[in-house]
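First to last, the sequence lines map onto chains A and B.
Once you know that position 39 of the first sequence is 39 in my numbering, the rest is easy, because the numbers rise by one and skip nothing.
Heads up, my numbering is the position in the second sequence plus 1000, with the first residue counted as 1.
Derived from the structure by calculation, the hints contain no laboratory data.
Where is the CB? At the ideal position from N, CA and C, for every residue including glycine.
Honestly, I wouldn't trust all of these hints.
To be verified - The calculated label-pair distances, taken between Cβ atoms and stated as ranges, are: (1) Lys298(A) to Arg1109(B): 47 to 55 angstroms; (2) Thr198(A) to Gly1128(B): 50 to 58 angstroms; (3) Ala1212(B) to Leu34(A): 22 to 30 angstroms; (4) Gly107(A) to Glu1112(B): 26 to 34 angstroms; (5) Ala1111(B) to Pro258(A): 44 to 52 angstroms.
What the hints assert, rightly or not - Derived coverage of chain B by chain A (criterion: at least 3 residues anywhere in the stretch with Cβ under 8 angstroms from a Cβ of chain A; other residues may be distant): (6) 1019-1033; (7) 1106-1116; (8) 1128-1134.
Unchecked claim - Each computed DSSO-like pair below joins lysine-lysine, with the alpha-carbon atoms no more than 27 angstroms apart: (9) Lys300(A) to Lys130(A); (10) Lys298(A) to Lys167(A); (11) Lys130(A) to Lys1130(B); (12) Lys1300(B) to Lys1130(B); (13) Lys1167(B) to Lys1306(B); (14) Lys1167(B) to Lys1298(B); (15) Lys167(A) to Lys1130(B); (16) Lys1130(B) to Lys1298(B); (17) Lys130(A) to Lys1167(B).
2 protein chains.
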Amino acid sequence: MNDRIILAHGSGGRATHQLVEELFYRHLGNELLLQRNDAAVFPAPRTGPGAPAAPRLAMTTDSFVVRPLFFRGGDIGRLAVCGTVNDLATSGATPLYLSLALIIEEGLRIAELERVVASIAAACQEAGVKIITGDTKVVARGQADGLYINTTGIGLVPEGVDLGGEKVRPGDAVIVSGPIGEHGIAVLSEREGIAWETPIRSDCAPLNGLVAQVLATGAEVHCFRDPTRGGLASTLNEVAAQAQVGVVIYEEAIPLSPQVRGACDMLGFDPLYVANEGKMVAFVPRQRAGEVVQAMQKDKYGKGAKIIGETTAQHPGLVVVRTAVGGERILDMPEGELLPRIC
Amino acid sequence: MNDRIILAHGSGGRATHQLVEELFYRHLGNELLLQRNDAAVFPAPRTGPGAPAAPRLAMTTDSFVVRPLFFRGGDIGRLAVCGTVNDLATSGATPLYLSLALIIEEGLRIAELERVVASIAAACQEAGVKIITGDTKVVARGQADGLYINTTGIGLVPEGVDLGGEKVRPGDAVIVSGPIGEHGIAVLSEREGIAWETPIRSDCAPLNGLVAQVLATGAEVHCFRDPTRGGLASTLNEVAAQAQVGVVIYEEAIPLSPQVRGACDMLGFDPLYVANEGKMVAFVPRQRAGEVVQAMQKDKYGKGAKIIGETTAQHPGLVVVRTAVGGERILDMPEGELLPRIC
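With these hints in hand, go ahead and build the complete structure from the sequences.
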């Protein structure tokens, strides 16, 4: 490990995982934290020994430092609501309540702040969640960068739903809910002032409705994960390591818009490493996969859902991409930091 | 309102309240958010219509941007745990779980970060809470200021406990759990390199044990509030406005160490406006006040507990300080920002 924090520690890739394991888990580790999923699931506390069994709740937290604050398809406010709603949804939970904490740089226009707050309100309405507690801090000019937002969420896990990376088994189908890479490219384009012929919009969206559609099928989903920082490559590597399975992805099956493909070609990015904010990856026993894809397609944010690969007992912990002509390459956990400040 | 955010918007005083009311409550308002207490209290969700009644939970969030990261009596890590534990405790809740989200500036020494994380672990152990979910973001050098921390907490509200500023009635005694002003002066001294003859330490401490001692007396407490940003003056004004009662404080009864008194004299601060991070204010019917003070004094962080005033039906919404010689002055909500970045 370096002796100082570098940008890569925030990339969601290898350096992030190393920091989390070696520093946070080592000092703070407990059974709930070490579930290693996007949301922690715990039984609601009981008021006393005679009290009835309580439902299970999910809790998750995320800070958002995206720059610029506004971009095509979203803004830091919508992102802050959707990011936390989606992390709750990965546990199968119905998102209920969010906290909202802002660190604002002195000098931010109140009109801009109001646009963000209005966007938060609209995203909450869409996702069916409420902000129930908040905090505002202001730091002097030059000591933050406009606005940072933290949202922390609480959800209710339905009875019988028990998901997690550790539940994935060889023989699962890997499904993604639509085309990848849109969020990262949209934010980067906005920041760098790149104007594409056909504009690329962030996919930023709440996915609790899509997850509910999938759970309503009764199919035994093993794991949901939203491929944000570090992209699909990071998510697949996380699950491969957690479940100790191999993952095989068929390159030609990965949904990708021609715009994002073109932008990635020009900018030199691999779309598999680019962040999404409105996509869900599901690991599902192969025989129910078709049904899950159909359920996703019923949701407005899952029209492009596809099976993109499968898990295998071979090469546990490794993710392999298979090309149309039969070639194979290992898809590594991202190293370094390609796209800072995209969420 | 200004058209840009100013430091005073983060002071916990009048500008903060105005921003919260005019922007956040207007766009995001709902029954739970508009409880206007330090923690939101809500019934744990039920799994279905036939499910048994669920216990009540409390949720609260706080971001910490204190500078410097380490100071006499504490550090940003201990502060982040205690601040959220104490906000939960104000609702009478037993704090259970915290989330931990860090925004780290590139270049922070990992050894410093580890000191903070170890301090978080120690404070969690002392308070009996667990970190169950987390997030790490890194921003480029110069775009944050070392380290910002958000903690969001969940607690269990015991049956029959129902506290809040709106419950305060004329005839309540106002109790403070010990000497005021230590945290703000300790942080300022560290930041400015002021060396006092007798060093002043932050009072940063978890107060859930103290609150439990008080609740165990069975005395009907109306409201707990921890006087952090904006100090005792801000807390008393908040409650006076929320309950529409007058508050009278006896100047000579306010516990204050000679060190803090001296430092405030020299620096030109009124200790009533200086932040505390290990003090609790309680509003309790007068006839049980002695018992509550004694319960506080049983706790290691409540040795200096005292009755400092009372509420009255006169001058609703106003806080008045009465001096030993019979003079009176109005204690206003703080204006502007005297002591930035102390939490």
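Comparing the hints with the structure gives:
1. Lys298(A) to Arg1109(B): 47 to 55 angstroms: The hinted range 47 to 55 angstroms holds for lysine 298(A) and arginine 1109(B), with Cβ atoms some 51 angstroms apart.
2. Thr198(A) to Gly1128(B): 50 to 58 angstroms: Distance hint for threonine 198(A), glycine 1128(B) holds at roughly 56 angstroms.
3. Ala1212(B) to Leu34(A): 22 to 30 angstroms: 28 angstroms, holds
4. Gly107(A) to Glu1112(B): 26 to 34 angstroms: 28 angstroms, holds
5. Ala1111(B) to Pro258(A): 44 to 52 angstroms: Given range 44 to 52 angstroms: holds, Cβ gap about 48 angstroms.
6. 1019-1033: n = 9 at 8 angstroms, threshold three: holds.
7. 1106-1116: Satisfied; 8 residues make the cut.
8. 1128-1134: holds (count 5)
9. Lys300(A) to Lys130(A): 22 angstroms, holds
10. Lys298(A) to Lys167(A): 26 angstroms, holds
11. Lys130(A) to Lys1130(B): 25 angstroms, holds
12. Lys1300(B) to Lys1130(B): 22 angstroms, holds
13. Lys1167(B) to Lys1306(B): 21 angstroms, holds
14. Lys1167(B) to Lys1298(B): Judged against 27 angstroms, a Cα distance of about 26 angstroms means the pair holds.
15. Lys167(A) to Lys1130(B): Holds, at about 24 angstroms.
16. Lys1130(B) to Lys1298(B): OK: lysine 1130(B) and lysine 1298(B) at ~25 angstroms, within 27 angstroms.
17. Lys130(A) to Lys1167(B): Holds: lysine 130(A) and lysine 1167(B) sit about 24 angstroms apart, inside 27 angstroms.
Hint compliance for this structure: no hint is broken.
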